[in-house]
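Protein chains: 2
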Amino acid sequence: MKTLIIVSHPELMESHTQRFLWESLPEQDVTWHHLEAVYPDGVIDVTAEQRLLKGHGRIVFQFPLYWYSSPPLLKAWQDAVLTEGFAYGRFGSQLVGKELQLVVATGVPEKDYQAGGLEQFTLPELMRPFQATAIKCQMQYFPLFVISQFDYMSEQERRKLLIQYRQVLTGRLWGTLEEKEAWFEEELTTLGKVHLSEDDCLQVDLLIQQLQTNREHLNDLNWTLQEMRE
Amino acid sequence: MKTLIIVSHPELMESHTQRFLWESLPEQDVTWHHLEAVYPDGVIDVTAEQRLLKGHGRIVFQFPLYWYSSPPLLKAWQDAVLTEGFAYGRFGSQLVGKELQLVVATGVPEKDYQAGGLEQFTLPELMRPFQATAIKCQMQYFPLFVISQFDYMSEQERRKLLIQYRQVLTGRLWGTLEEKEAWFEEELTTLGKVHLSEDDCLQVDLLIQQLQTNREHLNDLNWTLQEMRE
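First to last, the protein sequences are chains A and B.
Counting in UniProt numbering, the first sequence runs from 1 upward without gaps.
Counting in UniProt numbering, the second sequence runs from 1 upward without gaps.
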């Protein structure tokens, strides 16, 4: 499935978070679409946008949280592109079944977003307008992916973020353990070795072997459990 | 207290609702500020806007509901005008104590906005980003004023809307019965008679008298009740 990342950020070049995400992109099946760069005058090409949507199964809205919502150009995009007859209406939605994923960057810690916290409301609550949009367009709404205080992240946290972001782009962050293992194996087999030394390649091969061995061991345990129950 | 109505509507002239509201405005203490008319190119004069805010005690955001939120220019206004140091931050907010009122026009019935309803979420829920903004700016957030399906309203419903809207603009819709009576008396005494015939003026005077008599009667009843309790 192809992923369309609709990025809305008025000052993308100055955002460390967005640059990091851009550099983390998989090599294929992903379209990066930065609205402020494509439409500097704010006039949106509705036909082109609707064609883009039709060509992708997974739609990502990626933006920094300004005043508890997206920057204005993403809202302008919604109002212009999600027309009656295309996104909703008597004859159904042409977006039916597509996946909608929000990737939201915040400057304050995620724990501030809760009743009694500094921001009082949770992020899923504040994103209701997007959830309602997904429902209206008969799209499948995914759990938020929140990136908080990127600038304060350690190198290790950033590496974890990179992996999670790549999983988010393919909708694999919320799979079963088995699906996650398959994702890791795939990533390690195809992309992981491109720029690696011979030694590191060997390490990767060992890691894949270890993953497979663990999975076989788990399968055996499950099998034994099932037999005991019967 | 002066009221600033910040209207965001990309096609104001074609909206029956907005025209009706514009024609219902009180003669004084109200500033009508239509963002799309003032800033057709979308570039907002931050200093002018902040000065406007400082000169008014009650701020109204008035807009049609597009994709469960405001049109994009109001969001652009928030992002541009509510700067750190002015609206929030270490040195407090210059908007502290001001009232924030949302006047939202919808094309579908208000009852559709609830769990299990067509739109799944309530309007107060969908307006959380504005409520969170009010909290951050230390403003007092008022209950939503929703205008649903204006085009289907009867003449009588519109008259009721006119009265409620004028009460909303002065923050009097949510007062006690006594405060509401005082509001009616004031309106009838000052504004109501400007364009009336002599006969109608007499009617208005009788109405004011009746209101006062009713109030005296109610006060007497309350007094008797209190005595009986003692």
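Hints may be right or wrong, so weigh each one.
It does not matter which identical chain is used: a pair holds within one copy or between any two.
[Stated by the list, open to error] Only pairs whose alpha carbons sit at most 35 Å apart, straight line, appear in this in silico DSBU-like list of lysine-lysine:
hint: 1; residue 1: Lys98; residue 2: Lys111
hint: 2; residue 1: Lys111; residue 2: Lys136
hint: 3; residue 1: Lys160; residue 2: Lys136
To be clear, the hints were calculated from the coordinates, so they are not data collected in a lab.
The hints, checked one at a time:
1. Lys98 x Lys111: both (30 Å within a copy, 28 Å between copies)
2. Lys111 x Lys136: Both, since 30 Å and 16 Å are each at most 35 Å.
3. Lys160 x Lys136: both (34 Å within a copy, 32 Å between copies)
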